[in-house]
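J.: Using the sequences and the hints, build the whole thing.
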Amino acid sequence: MLVPASNAQGAAKNVNLVLSNDGNSANDQIKVDQTNNNQKATLGTDGTANLYYKVAYTQGQGWDNTSNPVTAGTVQAQVAFTMAYE
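According to the UniProt record's numbering, the sequence shown is numbered sequentially starting from 1.
Keep in mind that the hints were calculated from the coordinates and are not lab data. None of these values were measured; they are calculated from a predicted model. It is possible that part of the hints are untrue.
To be verified - Between beta-carbon pairs, the in silico distance windows are: (1) Gln39 <-> Ser6: 26 to 32 angstroms; (2) Thr71 <-> Asn36: 34 to 40 angstroms; (3) Gly73 <-> Ala41: 32 to 38 angstroms.
Said to hold, decoys possible - Here are the simulated DSSO-like cross-link-like pairs (lysine-lysine), alpha carbons at most 30 angstroms apart as the crow flies: (4) Lys54 <-> Lys40; (5) Lys13 <-> Lys54; (6) Lys13 <-> Lys31; (7) Lys40 <-> Lys13.
Think of the CB as a built atom: it goes at the ideal place given N, C-alpha and C, for glycine as much as any other residue.
T.: Printed below as a string of structure tokens:
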């Protein structure tokens, strides 16, 4: 799960992001900061490969419908990938 920065001007409140695989026969959730969380891609004849991902919104950890609701706004997050070639 990715927790976007909440201090950006106009940021949505109580919104997290869930990153999942979306290709190469994989659709499982990507566990951010977990080792051995691999997705494999086959190289095409042109020497390229594609990795596909999708993201979903979910309520933040402090979410409460009455006292701490989700609010509209911008959601930004980033994640870094480590590529291993075999």
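J.: All the hints need checking, so say for each whether the structure fits it.
T.: Right, here's what the structure says about each hint:
1. Checked against the given bound of 26 to 32 angstroms, the beta carbons of Gln39 and Ser6, roughly 29 angstroms apart, stay inside it.
2. Under the hint 34 to 40 angstroms, the C-beta atoms of Thr71 and Asn36, about 36 angstroms apart, fit the expected range.
3. One distance hint, 32 to 38 angstroms for the beta-carbon pair Gly73 and Ala41, holds here, with the actual separation near 34 angstroms.
4. Taken as a hint, the Lys54 and Lys40 pair is honoured in the structure, with Cα atoms around 16 angstroms apart against an allowance of 30 angstroms.
5. With a CA separation close to 21 angstroms, the supplied pair Lys13 and Lys54 stays within the 30 angstroms bound.
6. Taken as a hint, the Lys13 and Lys31 pair is honoured in the structure, with Cα atoms around 22 angstroms apart against an allowance of 30 angstroms.
7. At roughly 34 angstroms between alpha-carbon atoms, Lys40 and Lys13 are farther apart than 30 angstroms, so this suggested pair is violated.
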